[in-house]
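*Asks:* One letter stands for each residue in the lines below.
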Amino acid sequence: MSKGKYDIKSFPGFRAITLLCLFILYAPLLVVTVYSFNDSQSLTVWEGLSWRWYADVFTGPESGKFKEAARNSFVIAIVAATTATIIATLAATAMVRGGKFKLRSISFGLISLPLMVPEIVTAVAVLIFFNSIGFERGLMTILISHIAFCIPFAYLPISARMQGIEDTYEQAAMDLYATKRQAFTKILLPLMMPGIISGFLLAFIVSLDDFIITNFVKGAGVETLPTAIFGSVKQGLKPNIMAISTMLLSVSVVMVTISYFVSKSDNTK
Amino acid sequence: MKNLLKTSVASLALVAGANAAAAEGNLVLYHWFEYIPQELLDKFTAETGIEVTMDTYDGNEAMLATLKAGAIGTYDVAVPSDYMVTIMAGEGMLDTIEDGELKNKGNIDPEWADPSFDPGRKHSVPYQWGSTAFAVDTAKYSGDVNTTDIIFNPPEELSGKINVLDGQGELIALASLHMGIPQCSTDRDQLKALNEMLQNAKPHWASFNSDTAKEVLVSGDVTAGMIYDGFSAKARAELSTLQYAFPTQGYVVWMDSVVLLKDAPNRENAIKFMDFLLEPENIAAVSNFARYNNGVSSSAEFLDADLIAQPENNPPAEAGAPAFVEVCDEATQAVYDQIWTNLKK
Amino acid sequence: MAAGAASGGSATTDTYAEAKTWLLMPAWVTIGIFVLAPVLMMLVYSFLTKEFRGGVIWEFSLSAYDQFFFDRGLFGDDPPKIEWTYIAIFWRSIWQAGAATLLSLVIGFPTAYFIATQPEKTRAMWVFLITIPYWVNLLIRTVSMKFLLRDQGPLNDFLLSIGIIDSPLHIVNTNFAVQLGLFYSYLPFMVLPIYAAVERYNFSLSEAAADLYATKWVTLRRILLPAVKPGVIAGCILVFVPSMGSFLAPDLLGGAKNFMIGSLIEEQFKGNAGNWPFGAAASMILLTMVLIILMIFARQQAKAEKGAS
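Protein chains in written order, with this note's numbering: chain A, 1 to 269; chain B, 270 to 614; chain C, 615 to 923.
Each hint should be verified, as a subset may be incorrect.
Pairs of lysine-lysine, DSSO-like flavour, derived with a Cα cap of 30 angstroms [unchecked claim]:
#1 A:LYS65 - B:LYS541
#2 A:LYS234 - B:LYS312
#3 A:LYS102 - C:LYS735
#4 B:LYS337 - A:LYS65
#5 A:LYS100 - C:LYS920
#6 B:LYS461 - B:LYS471
#7 A:LYS234 - B:LYS391
#8 B:LYS391 - B:LYS531
#9 A:LYS186 - A:LYS100
#10 A:LYS67 - A:LYS238
#11 A:LYS234 - B:LYS531
#12 C:LYS920 - C:LYS843
#13 A:LYS100 - A:LYS180
#14 B:LYS409 - A:LYS234
#15 B:LYS391 - B:LYS312
By construction, these hints were calculated from the structure, which means they are not laboratory data.
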């Protein structure tokens, strides 16, 4: 990357806009972080620093609800993302390594359907569906709908990765008398891992953050983190929600920082 | 991949386990938001060993919609207002409490023992009662607050600083009181006038919010806002200049009742819970928390001293007549639904 | 992703061709039963008769669509006129989503461009900086935004204290607040595809143009922009489509005063209205519109790709 090139690339003001963009993204969360340390019950008055709202998250009257909701959310996200990733990996194999076939574009349309249908429409449709077949709503209904709409999110990175893998490796293995199954599990799958991992993570986040569909299909007394938070913030932002927000933010900063340094050390090898 | 699979199978087992635990000793409650103290639910669990799960709603219509959309059979009890009890009974969504099932039925205040919305209390027990009107921050507005003009024909200084409840029943009932017309009017001119009046009032409103009704007043986002009397009392505790209005045109009153839902998965526990709420001490705890009155006669001794005396509980002599929300027939309701849609478009 | 999303990517080999049915079966079944079948069922529901206070009666009826398109007055017996109410709601949604998309593009494009032209080592850090806030729940972000923008919130306090304004800016409960909320909800969906496209862009093309005395801005407009157009289009779709159906931002930031399509649909199933066939019909109309928009974009994208290669 020479200096000369760099000059052509840079535009005046773009850096300023980027910084403005980051400011807009972070300002609300930083304000919330500051206020989460406010000792006051009221949001509008500042009464000094305190950890009380952090204690409240774990021991306060709503702590049971949030623990339960967090557990439900993580269980659903792990199961849904795992199942969706497996389904998406198999589908990607057929789509990328299955040659040309008649149902190919229809299959692709079907797989990306959950992305094309607006979420509120999917939510209503699934509600009608479960209702008319008399499927009792609960954790299971949330899980099933999460699996279905997570598939395209897992599929896209996986198939993109697979397209980048030349088939010579598998061919070579099969020339050495490996079966197709072996070529798949021993060669293709390990090569696809980065795509599978990012597909899994994407599906995981999408499931963890979903509110609209969950809110429509959840059963009595079953809360996920987003629906529990919604129930709380509907009556206005409360200090304990601010504390939760700050914790989510710090966890993600830590995780992202770690993964940044891990990938950096990988590059230097 | 194998590890992922293992984790997911383990997690599935967890989910299954959670469902199994729910099958015994549970009670699933569908309740208004911010209406019952967690301590009281804990007390119920401590006394009976029954775990309580609670979902909340922010309006009678929202509750009805959710139950209709397949949630009936998953909740044990709900807490609809008077008119909604009538509607739910008409929809066949309520189970009948047999004679003698409730040990504490005798505790019900005679005044609330045989209400028109549930004659003989066959499906419900009284919970709390109160009124719906609006509150005004007198530090910012010094005029007369006891008139529905505050909401529907506001003075210049309140324009754009008004919140209304996002509930069709209460808003249209108050609007009808404002205009002095019956709630289930079939008179076309009256209905047209109502529609027009609401259309003219809407530009003065900042928002439609039920669940933030208190917060928007306390934070100063709005100066006047429709609100329930007890919620207004809680708001006043945070902002002392708030005054709850008793309009001379009249105001809405309601009685929320605990109903036994059809196909309740834990019917026995639901009955136990209703009995629990008929204990004077317990229902008084709800009143002390939510700042409303209740329908149990001997609960007075457990009430906070200032609850009876709070201004939200004591309409002035010149206050208009209180009115319950009325249930209209399908054809009439269709017109009101149309008016509501016109209002929100 | 941008290119792959439109065309489905291409098959590379046919190694697993004979197993393809079995490999695709789980995806077909899951999405077929739990997304496609529900959508088809909703189509059926939109042609049924509404049951009073929620639910349907299994009798064919066009009244849901009639209600959508024809105004028969308050009492339902006036001669039918075109109903503008719902068209206006759709128009408002398109307008709001469009404004949010434009806002995302105006801020997102320079940001994506700036990041993609940073030295390779720091690029990942910039991308992380953009995505970190998205680990915090969407609801919390939206409510935080509201908290910040309130009439007596921190932003107004700050602006008042430094004397830029004399009276608080009134932002919450306006259309602008909704646009800002939508922008805040979906910005990375704009930045990431554009970033990916600019990163792939071969800057020697720009250099060649510069050698021919094209100014920087001309180079940007004439050379770079056509080359990264697929990324821009993908970004616009990924912001516009979810914005159209959103109901959280209008509800929380807009004061639930004016319906957008999402809130209109939600109200039929979870709110006051309880008219299921009408909700289903509005959903079908929304879905049809989105599919038409996607098709137009896909065609544009195919053209752009052809042009670029």
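*Asks:* The structure should be examined with respect to each hint, and the outcome stated for every one.
*Replies:* Comparing the hints with the structure gives:
no.	hint	verdict
1	A:LYS65 - B:LYS541	23 angstroms, holds
2	A:LYS234 - B:LYS312	27 angstroms, holds
3	A:LYS102 - C:LYS735	44 angstroms, violated
4	B:LYS337 - A:LYS65	25 angstroms, holds
5	A:LYS100 - C:LYS920	21 angstroms, holds
6	B:LYS461 - B:LYS471	16 angstroms, holds
7	A:LYS234 - B:LYS391	34 angstroms, violated
8	B:LYS391 - B:LYS531	13 angstroms, holds
9	A:LYS186 - A:LYS100	25 angstroms, holds
10	A:LYS67 - A:LYS238	17 angstroms, holds
11	A:LYS234 - B:LYS531	29 angstroms, holds
12	C:LYS920 - C:LYS843	11 angstroms, holds
13	A:LYS100 - A:LYS180	19 angstroms, holds
14	B:LYS409 - A:LYS234	26 angstroms, holds
15	B:LYS391 - B:LYS312	27 angstroms, holds
Comparing the model with each numbered hint stated earlier shows that hints 3, 7 do not hold.
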